[in-house]
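Given these sequences and hints, build the entire structure.
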Amino acid sequence: MKRALAKEFWRRFKCHRLGLTGAMVVLLLFIVSLAAPVLSPYDPSYIDIKSILEPPSYEHPLGTDQLGRDVLSRIIWGGRISLMVGFVAVGIATVVGVFLGAMAGYYAGYVDTIIMRFVDIMLCFPTFFLILAVVALLEPSIWNIMVVIGATGWMGMARLIRAEILSVKERDYVLAARALGASHARIIWRHIIPNAMAPVLVAATLGVAAAILTESALSFLGIGVQPPTPSWGNILTAGKDSIEVAWWLSFYPGMAILITVLGYNLLGEGIRDAIDPRLREGRG
Amino acid sequence: MNPVVEVKDLFKHYQVRSSFWGGKDHVLQAVAGVNLSIMPGEILGLVGESGCGKSTLGRLILKLEEPASGQVFYKGRDVSSLSHRQMRNLRRDMQIIFQDPYSSLNPRRNIFDIVAEPFVIHKLCRTRTELVEKVTHILREVGIGEGQLYRYPHEFSGGQRQRIGIARALALHPEFIVADEPVSSLDVSIQAQVINLLLDLKNKFNLTYLFIAHDLQVVHYLSTRIAVMYLGKIVEIIDKNLLGQVPHHPYTEALLAAAPYPDPTRRQKRIVLEGDPPSPLNIPSGCPFHPRCPYRKDICTTDKPLWHEAGQRQWLSCHIR
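The listed protein sequences correspond, in order, to chains D and L.
According to the working numbering, the first sequence is numbered sequentially starting from -7.
According to the working numbering, the second sequence is numbered sequentially starting from 256.
Hints may be right or wrong, so weigh each one.
In silico lysine to any residue, SDA-like type, Cα no more than 25 Å apart, as pairs [to be verified]: (1) L:Lys378 / L:Leu404; (2) L:Lys459 / L:Pro362; (3) L:Lys389 / L:Gln415; (4) D:Lys161 / L:Gln415; (5) D:Lys(-1) / L:Asp348; (6) D:Lys161 / L:Leu283; (7) D:Lys161 / L:Asp455; (8) L:Lys552 / L:Ser540; (9) L:Lys389 / L:His428; (10) D:Lys161 / L:Phe367; (11) D:Lys(-1) / L:Pro362; (12) L:Lys318 / L:Glu388; (13) D:Lys161 / L:Tyr269; (14) D:Lys(-1) / L:Gly400; (15) D:Lys(-1) / D:Trp181; (16) L:Lys378 / D:Phe120; (17) L:Lys318 / D:Lys(-1); (18) D:Lys161 / L:Lys318; (19) L:Lys459 / L:Glu396; (20) L:Lys559 / L:Gly306; (21) L:Lys378 / L:Asp355; (22) D:Lys(-1) / L:Gln403; (23) D:Lys161 / L:Glu396; (24) L:Lys330 / L:Asp455; (25) D:Lys161 / L:Lys552; (26) L:Lys378 / D:Ile179; (27) L:Lys263 / D:Gly173; (28) D:Lys161 / L:Ser540; (29) L:Lys495 / D:Arg151; (30) L:Lys378 / D:Val103.
Label pairs and their calculated CB-CB ranges [unchecked claim]: (31) L:Asn451 / D:Arg4: 34 to 40 Å; (32) L:Tyr269 / D:Ile113: 26 to 32 Å; (33) D:Leu10 / L:Val387: 43 to 49 Å.
Simulated from the structure, these hints should not be mistaken for lab results.
Positions of the beta carbon are idealized from the N, C-alpha and C atoms, including for glycine.
Right, here's the structure in full:
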């Protein structure tokens, strides 16, 4: 985004308290994940048989699990995984969605019909079960998960950008570019896409939250990130077996997921309201 | 002298889907058989009420839309027969100025980028310095100072934006410009400035304009000839000096009577047209103006009037004139 517009954006965003809170949560998560090697008090896969299922204490602020591993360290390292899955999956979804949506919106006619019917077909699949099936067929690795989440999450993005492009392409500056003899590529990249990206940015932010949830769910079911690599989902799985004796094992990763998803959702809403006040729903 | 632009039997219609479940599609006749020629150096004013197809005609001439049938000749060359590359080159010679200065500039690009785009598209500048020089030069022509080069459209007023749009259109030194209601969304005081700017630039660069407007006074002030459009058809073309002096097409007459005149002592005959303009989805038989015409005769409802020369410098299509 260019300077003057960025200033305008910031002026509105900083008045949006919830959005600002979300931004701070997300920023904090970023810092913690990047600094994981420094911040985490223990090696997340260091097994200490002498301190199994210890409640939160000074040495282990969030307690230990069945193998005596430090829960805080595991959550910090698990945050890295969540963040990576969230961003890569949404990145894939955005690239595919924007490309197909832009084609459909700009060229209209048959191209539009074919792409949008394909979107409809994709939307008919219950996404989560599709992911389950695909991951069950392929080996459950973190890369497979990111690709699968991305490949099943682009349809909303495609619809959004198509709708936006249908409206942007009728504006006079696009006509002016055509009158000047600009190529299709130039018109799409310089004039249409930059003006159609606002809702995509919002959808992408909200998409990160959804992708993190999906990843956690898959890991919880045991077909996501495989232990011993820590992920919030698989820490939860381990926690559920001993929930009666070690509540901290399920409570803290659960809270991590909750706060992260909430943070991204608030940030997304803040961006939406700041980017374009017209997009604001149900508020004055 | 050969005309710069010649339009022959131009038609354009849009399909209007009636409902999702099919049913009868309606056809909106936007331009219904227009013949027109525009001479070098002239300003042809095109007037008519909203929705009569003025803008569509302008866009068809620039090949921003494809006609259903008919031809547009630019300096004798049929525009529709040109290859992609030839058309691209031709675009340097014909440009457009838009009505709404708010939607005609891309909000995400600064003024430099916007005005530099024509040079970039046609690869006319080898170095960045050359480009900056050309852009500042053309902006100076329209009265935008160098200090504002890297500002964004939202930092300018409507009049300034319109000037920037004019600078973009003039960048490649075109010969022919379609000005699509360039002043109708501006304040009256700014209108005068922009109109005078357009006139200055016309003299300086030897331009030919198709000036689209719905304000007869603006058109009368700056045009050399005036074309009146009604429901997709040109009903009268007349020399500017004859306007109000000779018998006109009844529609032109009504337009003239409706134009406000800044003299409270002057009383003129009011002609109030009956009814609304008919929908272009359902154009009346015979003369399209007959349901609203105060001089209607039987023949008007059945036969289409012919396009004929009425005076020395006047053409019209009407049964009674």
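Now for the hints, and whether the structure bears them out:
1. For a cut-off of 25 Å, the pair hint linking Lys378 (chain L) to Leu404 (chain L) stands: about 20 Å separates their Cα positions.
2. Straight-line distance between C-alpha atoms of Lys459 (chain L) and Pro362 (chain L) comes to about 30 Å, which puts the hinted pair past the 25 Å bound.
3. For the hint pairing Lys389 (chain L) with Gln415 (chain L), the CA-to-CA distance comes to about 19 Å; that is within 25 Å, so the pair holds.
4. Under the criterion of a C-alpha separation no larger than 25 Å, the hint pairing Lys161 (chain D) with Gln415 (chain L) is consistent with the structure, at around 24 Å.
5. Of the pairs offered as hints, the one joining Lys(-1) (chain D) and Asp348 (chain L) is violated, with about 39 Å between alpha carbons and a cut-off of 25 Å exceeded.
6. With a C-alpha separation of about 22 Å, the suggested pairing of Lys161 (chain D) with Leu283 (chain L) holds against the 25 Å cut-off.
7. With a CA separation close to 33 Å, the supplied pair Lys161 (chain D) and Asp455 (chain L) exceeds the 25 Å bound.
8. Between Lys552 (chain L) and Ser540 (chain L) the CA atoms are separated by roughly 13 Å; this keeps the pair inside 25 Å, and the hint holds.
9. About 12 Å separates the Cα atoms of Lys389 (chain L) and His428 (chain L), which keeps this hinted pair within 25 Å; it holds.
10. Under the criterion of a C-alpha separation no larger than 25 Å, the hint pairing Lys161 (chain D) with Phe367 (chain L) is consistent with the structure, at around 22 Å.
11. Distance hint between Lys(-1) (chain D) and Pro362 (chain L) is fulfilled; the C-alpha atoms sit about 14 Å from each other, no more than 25 Å.
12. The straight-line distance between the Cα atoms of Lys318 (chain L) and Glu388 (chain L) is roughly 31 Å, outside the 25 Å bound, and the hint therefore fails.
13. As the CA atoms of Lys161 (chain D) and Tyr269 (chain L) are separated by approximately 18 Å, the hinted pair is consistent with the 25 Å bound.
14. Taking the CA atoms of Lys(-1) (chain D) and Gly400 (chain L), the gap is near 23 Å; set against the 25 Å cutoff, the hint holds.
15. For the hint linking Lys(-1) (chain D) to Trp181 (chain D), the alpha-carbon distance of about 23 Å falls within 25 Å, and the restraint holds.
16. Between the alpha carbons of Lys378 (chain L) and Phe120 (chain D) the distance comes to roughly 51 Å, so the proposed pair goes past 25 Å and is violated.
17. At roughly 39 Å between alpha-carbon atoms, Lys318 (chain L) and Lys(-1) (chain D) are farther apart than 25 Å, so this suggested pair is violated.
18. Note on Lys161 (chain D) and Lys318 (chain L): the hinted pairing holds, with a Cα-Cα distance of about 17 Å set against a maximum of 25 Å.
19. Of the pairs offered as hints, the one joining Lys459 (chain L) and Glu396 (chain L) holds, with about 10 Å between alpha carbons and a cut-off of 25 Å not exceeded.
20. This hinted pair checks out: Lys559 (chain L) and Gly306 (chain L) have alpha carbons roughly 21 Å apart, not beyond 25 Å.
21. Under the criterion of a C-alpha separation no larger than 25 Å, the hint pairing Lys378 (chain L) with Asp355 (chain L) is inconsistent with the structure, at around 28 Å.
22. Annotation: proposed proximity of Lys(-1) (chain D) to Gln403 (chain L) holds, straight-line Cα distance about 18 Å (limit 25 Å).
23. For the hint pairing Lys161 (chain D) with Glu396 (chain L), the CA-to-CA distance comes to about 30 Å; that exceeds 25 Å, so the pair is violated.
24. Pair hint Lys330 (chain L) plus Asp455 (chain L) holds up; C-alpha atoms about 24 Å apart against a cutoff of 25 Å.
25. With a C-alpha separation of about 46 Å, the suggested pairing of Lys161 (chain D) with Lys552 (chain L) is violated against the 25 Å cut-off.
26. A threshold of 25 Å between alpha carbons decides the hint, and for Lys378 (chain L) with Ile179 (chain D) the separation of about 16 Å falls inside it, so the pair holds.
27. Taking the CA atoms of Lys263 (chain L) and Gly173 (chain D), the gap is near 24 Å; set against the 25 Å cutoff, the hint holds.
28. Pair hint Lys161 (chain D) plus Ser540 (chain L) does not hold up; C-alpha atoms about 36 Å apart against a cutoff of 25 Å.
29. Proximity of Lys495 (chain L) to Arg151 (chain D) is assessed by CA-CA distance (about 52 Å); at most 25 Å being required, the pair is judged violated.
30. A C-alpha spacing of about 31 Å is found between Lys378 (chain L) and Val103 (chain D), which places the hinted pair above 25 Å, so the restraint is violated.
31. Distance hint check: the CB atoms of Asn451 (chain L) and Arg4 (chain D) are about 39 Å apart, consistent with the given range 34 to 40 Å.
32. One distance hint, 26 to 32 Å for the beta-carbon pair Tyr269 (chain L) and Ile113 (chain D), holds here, with the actual separation near 31 Å.
33. For Leu10 (chain D) and Val387 (chain L), the Cβ-Cβ distance of about 44 Å falls inside the hinted range of 43 to 49 Å, so the restraint holds.
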